[in-house]
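A.B. asks: This is what each chain is made of:
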Amino acid sequence: MSDTHSGHENSGQQSSTALSPLADPGLPPHVYRRADTEPRAAKKAEQQVAILFGLSAASTIAFIASFVGIKKDVFVFVPLFGSTQAQQLALGITLALSLFLIGAGAVHWAKTLMPDHEVIQDRHELRSSDEDRQGVIDVFHEGAEAAGLGRRSLIKRTLLGSVGLVTLTPILLLRDMGPLPRKQLETTNWAAGRRLVTDPDGKPLKASDLQVGAVAHILPEMPEGSELTLNDLVKDAVIVVRLRPEDLNLPADRKDWVHEGIIAFSKICSHMGCAVGLYEQQTHHLLCPCHQSTFDVETGAQVIFGPAARPLPQLAITVDSEGYLIAKQGFTQPVGPSFWERSS
Amino acid sequence: MTTGKRIGGNVANFVDERTGAGRALKKNLGKVFPDHWSFMLGEVAMYSFVILLLSGTFLTFFFVPSQEEIIYKGNYAPLSGLSMSQAYASTVDMSFDVRGGMLMRQIHHWSALIFLAAMVVHMMRVFFTGAYRKPRELNWVLGVGLLTLGIVEGFLGYSLPDDLLSGTGIRIAEAIIQAIPLIGTYVAFFLFGGGFPGTIFISRIYTIHVLLVPGIILALITAHVLLVWFQKHTQYPGPGRTEKNVVGFPLLPVYMAKAGGFFFIVFGITTFLGAVASINPIWLYGPYNPSQISAGSQPDWYMGWLDGLVRMAPNWETHAFGHTVSWNILIPGLIVPGIMFTGLALWPFIESWVTGDKREHHLLERPRNAPTRTAVGAMALTFTMVTLINGGNDLLATHFGLSINQIMWFSRIGVFVLPPIAYFVTKRICLGLQHKDRDTVLHGRESGRLVMLPSGEFIEVHEPIDQYARYSLTNHEQPAVVELQLEDAHGVARPGSVKEKIRARLSRGMYGEQVQKPTEKDLLELEDGHH
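As given, the protein sequences belong to chains A and B, one line each in that order.
Using my numbering, you'd call the opening residue of the first sequence number 1 and step up by one each time.
Using my numbering, you'd call the opening residue of the second sequence number 1001 and step up by one each time.
The hints are simulated quantities; they were obtained by calculation from the structure and are not laboratory data.
Don't take every hint at face value.
Example chain B residues on the side facing chain A (calculated, C-beta under 7 angstroms, incomplete) [to be verified]:
no. : residue
1   : Pro1135
2   : Asn1139
3   : Arg1171
4   : Thr1185
5   : Lys1244
6   : Ala1257
7   : Lys1258
8   : Ala1259
9   : Ile1265
10  : Val1276
11  : Ile1293
12  : Ser1326
Listed next, with one range per pair, are the computed distances between beta-carbon atoms [said to hold, decoys possible]:
no. : chain 1 : residue 1 : chain 2 : residue 2 : range
13  : A       : Ala58     : B       : Tyr1076   : 32 to 38 angstroms
14  : B       : Thr1019   : A       : Arg127    : 27 to 33 angstroms
15  : A       : Ala58     : B       : Leu1402   : 46 to 52 angstroms
16  : A       : Thr167    : B       : Thr1342   : 40 to 46 angstroms
17  : B       : Leu1054   : A       : His117    : 24 to 30 angstroms
18  : A       : Glu260    : B       : Phe1062   : 51 to 57 angstroms
19  : A       : Lys71     : B       : Lys1073   : 49 to 55 angstroms
20  : B       : Thr1222   : A       : Arg127    : 20 to 26 angstroms
21  : B       : Trp1409   : A       : Ser343    : 31 to 37 angstroms
22  : B       : Thr1222   : A       : Leu278    : 44 to 50 angstroms
These numbers come from a predicted model, not from an experiment.
For every residue, glycine included, the Cβ atom is placed at its ideal position computed from N, Cα and C.
Just need the whole structure built from these sequences, with the hints factored in.
C.D. replies: Below you can see the structure in the form of structure tokens.
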């Protein structure tokens, strides 16, 4: 290349004494490596590179042997990492070595034996020349003129219109990706008289099953033949806690939503819908592990810390004639995270 | 001529006669690239992407992207008899029953973490050395796009196994979408094919994860590297290096060997991690069930800052006219990240507007010589670090026995207070280093040799530095402040526009404070004084 030259050929011409103290002295004089000057050092470097490549090949053979030879149910104990499947470990380590050693060999080769004379190439301004720019404009104008883009405005307008319209079709085609929300976010399977059953065993609960301080993970009992899907769980999951009745400090209209200190809340966080699964028995706090929103059970799951803005919706409960806990009514507000159509 | 050479010649002839590739190769094989360790950070990112493509292709042969519920009957006893999706079951199966399956999964996950980390560190290198300045602003914007896509791709990837941890992450993403005013609920229902979680999102994000996003990333990486090729790489300033040249080593053979070898080194190290360091053991988390949760739920590190923002948000929500706006989700989940990434992408243009500098720059700047830029970078990093720390506040609390409420309040206050402190401190450090450089040029470097004078006084001998070192410490530019023009060309007073006033003010902030670098005059005067 015409604009390439060795970096060091002209560095000798500029003797530094003739220059002003802060002028560019050019590249520093080249320092030769041992392998450049001593054939024995070069020979040694060559051998080192070959050894690295050779070890890589040996490691690949070990990889093949581990793949074929080690049984899957053999486990080994490795200090620091614990018990590990021997085959996966052997495959990994041999493959890691095979790859790494090829790289190490290549880099060692480049560093010791390949030329390390710095080379200088010139840079050129990226901007095109004025003639070139004018040329492009001319060609463009000629093309536009030949196509009659300026004169035939009817064609231009109908083209723009049709292209604009056809780009709308994907939006229509994507319409059937899902149904409209309708009231889905506002409904759950909870309704008056529905029994509270344990998650995952599905056993109905009596008040006597819960000691003071106990917590239970609850789902609604479904009629024979219908099962809860994950889409139901994400709205129906409830957490039930039993406190001493005198510890509760609920709003007046919710005093009778509780049965003998047993109180039920939606388990789906009012912030972003994680399961509020941590109950702190001493403080009567429910904590969401996702973003640490903390709800105070005593006051009806009011938010006392964290990013959640609303209390967990409370489920009114009572007992049926057989003494099993049942819902008094469904939830009176949507459960889970907020959405635009939510009214309160 | 040997047979090998003859065949090689024939193939080359065949290709060249049909493509003219020879001309392009002749021009490019000797292309010179400057050398510096920090230039390999971008390489790590690119090689990690290749590793991701290779290991990911392997994973697709065994992964079943379906949410159909099945009862697990595989070899991993603790999950036996549990109901789970096929996606989860096939991930467990490939981990335990496919030879090398666990290894490939772990390589894939580790290289995703390395891919993102390398991009971030590469971006820091580009930022703190001013490499994004004209003509490379477009490549900076491409880089911001790659980082954004990388984060999305990583999140979708670790969501695919449909385990309890990642399902929780998807739930949170759904809540963010649902919080968008007006259209949020509809968008969420379309994406998930109905209510959350539905039965279709795994196969949808699978297509996006293995086809759409990697395709775009590949195209952007190609454009990114081609631009580096055409614009030629930047280089650090120093003796013999100018804005008009490139000093370094030719592509063939040196860079071919170094870069090619480095790919294998990155691959080897990633494989080693995959072999010995367990990552994302989904069989311990269990299959996703929206009514369950595990304590200490954490996203991967590159999502941690976002989670930290969401955690520290104040619990504001507006209810009006029968509608709800969740500021507690919108601000940390969409608005702040939007500002962060827009600001990142626009930075080169903002800086060039403030400095009024429209020239091409191919020489990098040492961070200390651009104190304001360095301080702005430190400020942004500090902000992100505070949010990242808050993203792990529960783990910090349990590991160090701290109160989670206190960590949260530390972050809520720190996110406003610490960045300005970082700005101020960094700027002072930069100016201090400029002082030191000036001293070194004028008075030489400290030799560590103490000498006792005949008078009994001890002095440390300073050794003068050579011309090369002197040039390295003084070649940088020290631009002047863009002053507000209060008079026009005819000397008539003119009021500056608001825009101009803002610019003059920012420019003063940018360049107003510099330690004057030594001039030749300073040096010569000093020498005269010594003789």
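A.B. asks: Please verify that hint: Arg1171(B), Cβ, nearest Cβ of chain A, below 7 angstroms or not.
C.D. replies: holds (5 angstroms)
A.B. asks: Checking hints one by one. Is Lys1258(B) an interface residue toward chain A, by the C-beta closer than 7 angstroms rule?
C.D. replies: holds (5 angstroms)
A.B. asks: Just to be sure I understand the hint, the distance between the Cβ atoms of Ala58(A) and Leu1402(B) should be within 46 to 52 angstroms; is that true here?
C.D. replies: holds (50 angstroms)
A.B. asks: Should the hint that Ile1265(B) touches chain A count as held when the rule is a Cβ pair under 7 angstroms?
C.D. replies: holds (4 angstroms)
A.B. asks: Would the hint on Pro1135(B) be counted as holding, given a Cβ-Cβ threshold of 7 angstroms to chain A?
C.D. replies: holds (5 angstroms)
A.B. asks: Against chain A, with CB atoms and a cut of 7 angstroms, does the hint on Ser1326(B) hold up?
C.D. replies: holds (4 angstroms)
A.B. asks: Is it true that Thr167(A) and Thr1342(B) lie within 40 to 46 angstroms of each other by Cβ?
C.D. replies: violated (25 angstroms)
A.B. asks: Go through the hint on Val1276(B) and say holds or violated, using the shortest Cβ distance to chain A against 7 angstroms.
C.D. replies: holds (6 angstroms)
A.B. asks: I want to verify a distance hint. Is the separation of the beta carbons of Leu1054(B) and His117(A) within 24 to 30 angstroms?
C.D. replies: violated (36 angstroms)
A.B. asks: Let's test the interface hint: is any C-beta of chain A closer than 7 angstroms to that of Ile1293(B)?
C.D. replies: Where the cut-off is 7 angstroms and the nearest Cβ of chain A is about 4 angstroms from Ile1293(B), the hint holds.
A.B. asks: Less than 7 angstroms between beta-carbons is the criterion; does Ala1259(B) satisfy it with respect to chain A?
C.D. replies: This interface hint is violated because 9 angstroms lies over the 7 angstroms limit.
A.B. asks: Should the interface hint for Asn1139(B) be scored as holding, given a Cβ-Cβ cut-off of 7 angstroms against chain A?
C.D. replies: violated (12 angstroms)
Checked against the numbered hints above, the structure violates hints 2, 8, 16, 17, 19; every other hint is satisfied.
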